[in-house]
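Peer 1: On the provided structure of chain A, position chains B, C and D as indicated by the hints.
Protein chains: 4
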Amino acid sequence: MSGNTFGKLFSVTTFGESHGVALGCTIDGCPPGLAIDEEYIQAQLDRRKPGQSRFTTQRREPDQVKILSGVFDGVTTGTPVSLMIENVDQRSKDYGDIAAKFRPGHADYTYWQKYGIRDYRGGGRSSARETASRVAAGAVARKVLGDDVRIRGALVQVGPHRINRDNWDWDQVNQNPFWCPDAEAAELWTGYLDEIRKAGSSTGAVIEVVADGVPAGWGAPIYGKLDSDMAAAMMTINAVKGVEIGEGFDAAALTGEENADQMRTGDNQGGPVFQSNHAGGILGGISTGQQVVVRFAVKPTSSILTSRQTIDISGNNTEILTKGRHDPCVGIRTVPVGEAMMALVLADHMLRHRGQQVDR
Amino acid sequence: MSGNTFGKLFSVTTFGESHGVALGCTIDGCPPGLAIDEEYIQAQLDRRKPGQSRFTTQRREPDQVKILSGVFDGVTTGTPVSLMIENVDQRSKDYGDIAAKFRPGHADYTYWQKYGIRDYRGGGRSSARETASRVAAGAVARKVLGDDVRIRGALVQVGPHRINRDNWDWDQVNQNPFWCPDAEAAELWTGYLDEIRKAGSSTGAVIEVVADGVPAGWGAPIYGKLDSDMAAAMMTINAVKGVEIGEGFDAAALTGEENADQMRTGDNQGGPVFQSNHAGGILGGISTGQQVVVRFAVKPTSSILTSRQTIDISGNNTEILTKGRHDPCVGIRTVPVGEAMMALVLADHMLRHRGQQVDR
Amino acid sequence: MSGNTFGKLFSVTTFGESHGVALGCTIDGCPPGLAIDEEYIQAQLDRRKPGQSRFTTQRREPDQVKILSGVFDGVTTGTPVSLMIENVDQRSKDYGDIAAKFRPGHADYTYWQKYGIRDYRGGGRSSARETASRVAAGAVARKVLGDDVRIRGALVQVGPHRINRDNWDWDQVNQNPFWCPDAEAAELWTGYLDEIRKAGSSTGAVIEVVADGVPAGWGAPIYGKLDSDMAAAMMTINAVKGVEIGEGFDAAALTGEENADQMRTGDNQGGPVFQSNHAGGILGGISTGQQVVVRFAVKPTSSILTSRQTIDISGNNTEILTKGRHDPCVGIRTVPVGEAMMALVLADHMLRHRGQQVDR
Amino acid sequence: MSGNTFGKLFSVTTFGESHGVALGCTIDGCPPGLAIDEEYIQAQLDRRKPGQSRFTTQRREPDQVKILSGVFDGVTTGTPVSLMIENVDQRSKDYGDIAAKFRPGHADYTYWQKYGIRDYRGGGRSSARETASRVAAGAVARKVLGDDVRIRGALVQVGPHRINRDNWDWDQVNQNPFWCPDAEAAELWTGYLDEIRKAGSSTGAVIEVVADGVPAGWGAPIYGKLDSDMAAAMMTINAVKGVEIGEGFDAAALTGEENADQMRTGDNQGGPVFQSNHAGGILGGISTGQQVVVRFAVKPTSSILTSRQTIDISGNNTEILTKGRHDPCVGIRTVPVGEAMMALVLADHMLRHRGQQVDR
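Protein chains in written order, with my numbering: chain A, 1 to 360; chain B, 1 to 360; chain C, 1 to 360; chain D, 1 to 360.
Don't read these hints as lab results, they were simulated from the structure.
Hints are not guaranteed to be accurate.
For identical chains, the list gives no copy identity; a pair is met inside one copy or between any two copies.
Below, computed lysine to any residue pairings styled on SDA-like, alpha-carbon distance capped at 25 Å [claimed, not checked]:
(1) K198 - L34
(2) K323 - T255
(3) K66 - N87
(4) K198 - E257
(5) K198 - A183
(6) K49 - E319
(7) K49 - G270
(8) K66 - R121
(9) K198 - H161
(10) K323 - R54
(11) K323 - Q262
(12) K66 - K198
(13) K66 - G122
(14) K323 - T265
(15) K66 - E86
(16) K49 - G191
(17) K323 - R264
(18) K66 - V21
(19) K66 - E38
(20) K198 - E258
Only chain A is shown next, with the shape it has when bound in the complex (with noise of 0.2 Å):
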């Protein structure tokens, strides 16, 4: 029941502050034979690594994973596969204001209260450096899933700029510093957040993950929904206030006759062909076949050049600016974390699936 293990079968332990020794994360329960290296679990460690654009923080990380365990002659032994990343930086710097005053927004006041005790150096534990652990996870879970699932994220709204959906287009996510699918929102947004990073400012977020290729059947009543874990999975996520599922909110102002799939016999490997998605490819907890669809609403980081009103770790009364290279949207480096999460959610069912079914 660790707090900080994610996952039922296909399980990942996480570790590490901000700027700490090292972070890293052990999976457990991972099938046996998958090919994995430290190449493959690199590149997708360096999708969501900050200095990419001028969009992303300017902060140098230089994350090397290493596998610690269980993988031998290129392949995965089915033993715990402990990945580490170390802190190449981690010089004592001075850590100024955040050591004794409480940054709103920020965990830290909330860390303070509970422990008694906070590692406030880049906000230690709760710091966005943990999603690397979950990146470098997420990359062994597309493994467990295979070639046939196909996980892909998106940003879909900056600040209160949405895409518009039409132009929806999986080419261009790669071809702009957002992970935008679509062209001409990319654009506005590039002026937008220069704006933003030039104010010291910083803005919200909006990311959509999609999975093709989830059969029907994974999933589990009540409080094994396959919903209810991706809800949990992104509500982890630093930042996220919000999860949906398909139509999500909006499908409090639809009708029934609106919201409802219906199904219709076609060549679909044997399944019906649904005529919409409002569902999100999730009905009783369950996949329908469908794509997978959920969306999360990141704040924007509280980490502005503005001075802020707080209190001290005395209960004084203060002021706080946070100095220093900050993402004006953090949400741009959650979507690589959005999809990891989904895979880890994903791979964890599929392991549960089988598990439950006996041939007989």
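Peer 2: Same frame as chain A, but now just chains B, C and D:
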């Protein structure tokens, strides 16, 4: 890792189908010494009972809860509290079309794909009747939390019609059949839902659940975050398609200046006075001491009086029309369920928080 | 992490006190499509029923099992299977001394210390009546395992008297009231237990449970070892004080030459022919394909007709004498319980093994 | 439900192979504020280090533990404590026979059957080197327990030679290379083990671990029993084949009069004075406040200098002889491991007990 168990230390395992012999739950990890009796639990159960107005199904469900174990001399003993609700009206019926056809928007098709068999009577395990067990368990969870923690739910949107939050009055909630905190909205909804009901249609809704009195420090990094468990909890409720905390999806459109809640010293039992609550009472997965605010969207029930296209279990095209009494807005009866799920999450985290603390 | 749940994928949550309303269990993760009915489970339950000879308690426990959920059209549906046994004879009685005094060797004192309250009627939750739930669940587990796996238990020691293993004959097990595989020992035990019984005394025993047909490969490193789960399972049974696998404690006195089981190619369905089975069918926590052999020791029941020194709930010195019908050797009725626990462990590991395998 | 995780609230996930890059563990749920540093953990680790006498393997394992996370300013922060031990000497070697042949009594064959692949270098994951992680984690667990709880282990049998319990003297334990509390037995074992060693043979052993200072009330019914978790814990240790609590298997030969521990009022911090401790400090799965006494049997290591019959990975008959340094009695080095496992179980139950209590 049971799919039908919810919670880690205060854990609830539910069982039962809509038209089976009985349904209920076993609560494990309940602290000893709490005063519980059947009348107390029944009062909570009755809040979600159908047929209390013309806006909920007219189906008769005279659910009587029975305590099977774990209570002695009127108080909990620390051993499992098992609660049972017998299905009194399980006479053999003509289940007509639903045995052979998959109802669009329901879990019929996915259960069939997963298990190769399904109890089609009234939806079997996927029926919202299962939520009675949650409300019963939630009543026990409220006893764990004690009087200092107060959990209240309200309906804040029906179909496309949202409440005016300026009108919010908790006293209104028990004065209309919708748990609506806005008297004006309640009136508008009356007309809207009468239309929906007469048309044999249905509509979605949004529910907000708020907890007062949660101390700072509950919740845990990283996958044991309070908001992650809240999201998982709400997403397990039938028909829920989205969950958000505090500002939720609207946070995407805000800037860091607007979103991060500033703190000031004040008269707040030692804690700071937050100047806003965009966070919904949770930062870094841990409670801040403010109100915990969770919102979730419920889709329109898929049981409507309009004929819908589907396939049968042999894979042939067909149509289905769900006759009989149904909920025009299933979201109404979901309000007490949302409260119960929040109570379960908070009680569990209260115990988990206690568990990790050592006086030394 | 519920203390009243056993198993990971095939998981059983039990509830109920000796003299409460009912006791039973909810089985989660049960594969769909298994033929189960009340008669089948009842037949297993009847094997542990008291009063079948003068060597078990003459208490009347007409336990009738009722299936509350999870079975439809005669087969499991994949949803929770809930089983209930009502306590038919729970009329108010004079519980006399046991309400106010702690019986030596029983859990009275420890429950009191832990919870500050205890259901003293018949031992409450700590009564061996709880094992009825296990036997019922074990019956379902046997269906999961199928006919290829055969689980049989036997009593191999009563008081100081061990069987002669050269006389082992499984057919004898059902021909004496002791589940004894050695006809000569059974005769000796008859006399010995008559003495114990007439003296109002009690004695301990050792039970051996053996599974045939377990394929190589079930179990998992390191804390999910098959033998670790067997040890945990048996140690949860009331009055058990020791568990061993294969050679067990005798292995301490052996040399490596004597103990390690050599292998030869042979006619064994592709597997090797082991030349001995000191390992008890488990190496490195994983099954070898040989017989799985588990043995456990049961202490003498502490309910005897001799007055014993103890304290009362106010902390005063006093004496207690447990009147009424009791088991001279509670180990006898534990044989079907040991079989059930082995079935639960094996069914769980069968599903867990399936879960981690991926065909790629 | 990870197979490589131990514990519920204080939970330890281990990783690593004998000859891989590194091994270690992540401790989750550790209370904040405990003073921990590498020196402290190292001192515990050094107790199980090989090569400290001629009676343990002469293999050089200069295990240096490194704290990767969870400790800040010298104390635990409440976040995961990750510990790593690098395998300094992992140069490519000739693994000779063990790559292609299954060593009798080792896990070679079962890993092969389970996973279809195995890291044969030094036994891979099934090597007793994994227990270094446990000892490191156990050192942290001792800090959770504090000074009031004292855990000590001793070797009480080597081969067929048991200690004389009348000679028991804890001070002797550190004055011989066997952790033997009986000076006479230690002398006898010296001769016996020299013979075993010179013959290239091996022998089994029995270890006893005792905890003083455990308060009454730790543990939980029914499947969360303290003794059940102790049994599981010890049975996960390499080569362990049997576990017993208190009187253990000898309880089978006792009568109820002999076995049940009587109680008297006395000067015992409010608790009763037990007149004996056949129960080993646990009744009904819950601690009594007496010494907790656990004993376990270790089989002789299967690595011996005598040629043994086996098969190779192609299924052909062959022979194998395990050259190189080995432990004549692996039980000796298991003493600190048994202590560590007891510390893990107790720390976990301490937190679990706290978690279920509510002051109301």
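Peer 1: Checking each numbered hint in turn, tell me which of them this model violates, lowest number first.
Peer 2: When the structure is compared with the hints, numbers 1, 6, 7 and 12 turn out to be violated.
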